[in-house]
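If you read the sequences in order, they're chains A and B. Oh and the first sequence: position 181 is 181 in this note's numbering, straight run, nothing missing. One gets this note's numbering by counting positions in the second sequence from 1 and adding 525 to each.
Calculated from the structure, these hints are not laboratory results. It should be emphasised that the depicted structure is a prediction, and the values quoted were computed from it without experimental measurement. Where a beta carbon is used, it is the ideal one built from N, C-alpha and C, also for glycine. Mixed in with the good hints there might be a few duds.
What the hints assert, rightly or not - Now the stretches of chain B that chain A is said to cover, found in silico as 3 or more residues with beta-carbon under 8 Å:
(1) 593-602
(2) 625-635
(3) 687-693
(4) 702-714
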Amino acid sequence: MNELVNVVDWSRAQFALTAIYHWLFVPLTLGLGVIVAIMETIYHRTKSEKWLATTKFWMTIFGVNFAIGVATGIILEFEFGTNWSNYSWFVGDIFGAPLAIEGILAFFMESTFIAVMFFGWKKVSPRFHLASTWLTAIGATLSALWILVANAWMQYPTGCEFNPATMRNEMTSFWAVACSPMAMSKFFHTVLSAWTLGGVFVVGVCGWMLLRKRNVAHCQRSLKVGAWVGVIGIVLTSITGDSSAVTVAKYQPMKLAAMEGLYKGDFKQSIVAAGILNPAKKPGNNENPYIFDISIPYGLSFLATHDPNAFVPGIEDILNGVSYDSNGKPLNTVPYAERMQRGKQLQELIAQYDVASRAGNKVAVDSLHKAINADFKYFGYGYLDSPEEAIPDVPLTFYTFHFMVTVGGYLMAFLLIALLFVYKPAIVDGKKWSRLWYWLCIITIPLTYLCSASGWIVAEVGRQPWTIQDLMPNKVAISDLSAGYVQTTFWIFAVVFTALLIADVSIICRQISRKSLTDLDKINN
Amino acid sequence: MDTYTLLQNYWWFIISLLGALLVFLLFVQGGESMLMHHRDGDERSLLINSLGRKWELTFTTLVTFGGAFFASFPLFYSTSFGGAYWLWMLILLSFVIQAISFEYRRKKGNVYGTRFYDTLLIINGFAGPLLLGVAVATMFFGAEFTVTKSNILNVQAATISTWGPLHGLEALASWKNLLFGLMVLFLVRTLASLYFINNIDDETVFVKQRQLLKVNGAIFVVLFLATMAVVFLQSGVIYDEIGVTQLQEYCYLRNYVEMWWLAIIFLIGVAMVLWGIGKSVMVPAYSHGIWHTGIGTVLVVLTLFLVMGYDNTAYYPSLLDIQSSLTLRNSSSSEFTLTVMSIVSILVPFVVGYIGYCWYKMDDDNITRDELENTDHKY
Numbered sequence: 001m002n003e004l005v006n007v008v009d010w011s012r013a014q015f016a017l018t019a020i021y022h023w024l025f026v027p028l029t030l031g032l033g034v035i036v037a038i039m040e041t042i043y044h045r046t047k048s049e050k051w052l053a054t055t056k057f058w059m060t061i062f063g064v065n066f067a068i069g070v071a072t073g074i075i076l077e078f079e080f081g082t083n084w085s086n087y088s089w090f091v092g093d094i095f096g097a098p099l100a101i102e103g104i105l106a107f108f109m110e111s112t113f114i115a116v117m118f119f120g121w122k123k124v125s126p127r128f129h130l131a132s133t134w135l136t137a138i139g140a141t142l143s144a145l146w147i148l149v150a151n152a153w154m155q156y157p158t159g160c161e162f163n164p165a166t167m168r169n170e171m172t173s174f175w176a177v178a179c180s181p182m183a184m185s186k187f188f189h190t191v192l193s194a195w196t197l198g199g200v201f202v203v204g205v206c207g208w209m210l211l212r213k214r215n216v217a218h219c220q221r222s223l224k225v226g227a228w229v230g231v232i233g234i235v236l237t238s239i240t241g242d243s244s245a246v247t248v249a250k251y252q253p254m255k256l257a258a259m260e261g262l263y264k265g266d267f268k269q270s271i272v273a274a275g276i277l278n279p280a281k282k283p284g285n286n287e288n289p290y291i292f293d294i295s296i297p298y299g300l301s302f303l304a305t306h307d308p309n310a311f312v313p314g315i316e317d318i319l320n321g322v323s324y325d326s327n328g329k330p331l332n333t334v335p336y337a338e339r340m341q342r343g344k345q346l347q348e349l350i351a352q353y354d355v356a357s358r359a360g361n362k363v364a365v366d367s368l369h370k371a372i373n374a375d376f377k378y379f380g381y382g383y384l385d386s387p388e389e390a391i392p393d394v395p396l397t398f399y400t401f402h403f404m405v406t407v408g409g410y411l412m413a414f415l416l417i418a419l420l421f422v423y424k425p426a427i428v429d430g431k432k433w434s435r436l437w438y439w440l441c442i443i444t445i446p447l448t449y450l451c452s453a454s455g456w457i458v459a460e461v462g463r464q465p466w467t468i469q470d471l472m473p474n475k476v477a478i479s480d481l482s483a484g485y486v487q488t489t490f491w492i493f494a495v496v497f498t499a500l501l502i503a504d505v506s507i508i509c510r511q512i513s514r515k516s517l518t519d520l521d522k523i524n525n
Numbered sequence: 526m527d528t529y530t531l532l533q534n535y536w537w538f539i540i541s542l543l544g545a546l547l548v549f550l551l552f553v554q555g556g557e558s559m560l561m562h563h564r565d566g567d568e569r570s571l572l573i574n575s576l577g578r579k580w581e582l583t584f585t586t587l588v589t590f591g592g593a594f595f596a597s598f599p600l601f602y603s604t605s606f607g608g609a610y611w612l613w614m615l616i617l618l619s620f621v622i623q624a625i626s627f628e629y630r631r632k633k634g635n636v637y638g639t640r641f642y643d644t645l646l647i648i649n650g651f652a653g654p655l656l657l658g659v660a661v662a663t664m665f666f667g668a669e670f671t672v673t674k675s676n677i678l679n680v681q682a683a684t685i686s687t688w689g690p691l692h693g694l695e696a697l698a699s700w701k702n703l704l705f706g707l708m709v710l711f712l713v714r715t716l717a718s719l720y721f722i723n724n725i726d727d728e729t730v731f732v733k734q735r736q737l738l739k740v741n742g743a744i745f746v747v748l749f750l751a752t753m754a755v756v757f758l759q760s761g762v763i764y765d766e767i768g769v770t771q772l773q774e775y776c777y778l779r780n781y782v783e784m785w786w787l788a789i790i791f792l793i794g795v796a797m798v799l800w801g802i803g804k805s806v807m808v809p810a811y812s813h814g815i816w817h818t819g820i821g822t823v824l825v826v827l828t829l830f831l832v833m834g835y836d837n838t839a840y841y842p843s844l845l846d847i848q849s850s851l852t853l854r855n856s857s858s859s860e861f862t863l864t865v866m867s868i869v870s871i872l873v874p875f876v877v878g879y880i881g882y883c884w885y886k887m888d889d890d891n892i893t894r895d896e897l898e899n900t901d902h903k904y
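Chain A extracted, bound-state conformation (with noise of 0.2 Å):
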């Protein structure tokens, strides 16, 4: 047993270690891809040398930035097989659909153009180029939507049912799962957060040439754009924010209460905007959650459900089966004992299923069949050993979300304040304080990449420990290895991809120092 749980945790930080790697990548190639085709589309419109130069010098950085991210995505794809192989047939039939129309769709139009867009100047006509700026900018938000579908459909398994036959779940139907209100709010609000951390990133890469008083007018053209990508991203990314609350708190109850650290809801129940979780606060002892807090009455009421007077529920509520609807009538919950109780008789009508379909006893087969898809959804209880199993690791998610919610507060007003800036420059231009402000643009940079990073924290930690939300635990997603074999593969890419970071970072702030000392209103610098 500790050899399984050794596998599952390093099984675990593999993809961990993976996807945060790869998801320091993805957002700039995300947001720098729509500014760099909104500056090539101006520059197309103007034909102004300028804004060519200003064009190029991004993409540059783009180009450094997307080869690192397709390094570290091609891992990702690969692991749902190599190490969580039960997972891989278990819902294959579902997921892998998604992953092979982001291959079909969205990646052959990022590989094709991007060529195109980097060594297309001399070949292609203008339009032509512009183009394939922008179907670049496009395959890599196609590409973002098809493995967020993916994601989502994890996070809320719906449009499937489970064929005992085959002993997996299969599709039923394909829009119920691409167009999933997890899967709606989960692409915009991952691809509109790109949008804000690319816009940050020019802020902050203009705010360090500001600084050295390099090329004003160039850093004058790309804040312009960049300030506005990324105002249009925070807002937006913040109104999706708000969606993603409320469909998490339908969908996902538990991952909420741990989002607030909330053991005991009610109704209009407050939310802590700030607070320190008590570490002697467990499901069913007195203590209280919190060692201090900062609550807004109404809060989580309203941000879960959009009415201040509604229910939520805390997490020994959900593991109790305590729920009331909007009216203050109790609900049907069913508690999380009972779950498992009726996961591990679901797996005992399984096998019988099984032996009866050998045995070519129809009726019976037929009859298992319906009694099996009536209780599926509570499959996955079955392998839990105790009802607190199913709780993920509060303070993990609280004290990320916490911190992606106030750096998203902080951000709206820098980004707000920075495009104030650029259509009002004498605010700051030549004040004693401008040096503070470039300074607060730089260190704006890595913020932001820490909120992105939280918020996949929180979503992914929050869902523990399920692979699939209700229907599969981690320790039977796996893949049959020792925990040696990927401890060792863990090590390997930790090594490779720290490498990596470092050559990528160094050659990012390199092009930048160089070419910030050339004359950016020319090009061929």
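Given chain A, work out where chain B should sit, using these hints.
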């Protein structure tokens, strides 16, 4: 033939086609393995910039091949990737180090220096095709796995696919697999020479690559004949209507005979491969060999994949439990999923169309030293 069977066969055709295109596009890796023969900086730069405009296409085809395999035959994905862990991890690592090397090799501040990145490209150039060849060879010569789907109900040992303790390293110790891998390696090196002759306008590169073509082409032909002899003599696993499997002697030779149209395509492909190599060796002014040999490669590999899975043959034979062997029937996605993906696959000709158009526009003129000097984005 019912609709489900038809869909399974259709998707095996798509997988086979993607596999065939991937083998052709591995000329990029073949070209990377050639870097060791071009130590001069400018020559090497010409080669790398020529390959650098194509590497993402190969990479994307590999990723799509994996994604399409996952979507259409998830039990293969589950069994082979989780089982032959080390083999696939080595393949992936070799492609990870490639993905950044083109872009980073000449960039200021790349920390490790140009030679380091060139070495990574050379490693990918040899390891990528060799290991992919070994992985494909296990689909002919078998692998050490068992599949028991009902294991998923056992929480203590829930994995449905189990593998021998070496987890893919044993595949590298099989001479048949290695022979297959080496054949693929020398095929893509041959294709690379033909590609460079067609794509680079430089006398030094031309002369050197023609010389390399003669050597690699000859080695490839010998390895190809030996590999085909081993494949044709190999026993395979066939299955009946209810899925019961049995061993079949000379399985793949039998399949070529029974599906004679595939044998004809195979022979046409072989003739085109040899024609492209032969004419390029014999006629110094001839530079279009890549197209003959490339199309021939696609045809040959396509039929090899098809005889592997069609005609009631298990495309992934198990060496531990013959009944666990993977077939198009027991490893595919559901009829609904295959139907959905088939609708999406209607867009494939459109995708191929724009790739072809862009390739045509980008390769309108051959790469020269002058062009490299006057471009602002080069590798």
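Practice task
Find the hints from earlier in the document that the structure breaks and name them by number, from lowest to highest.
Solution key: 4
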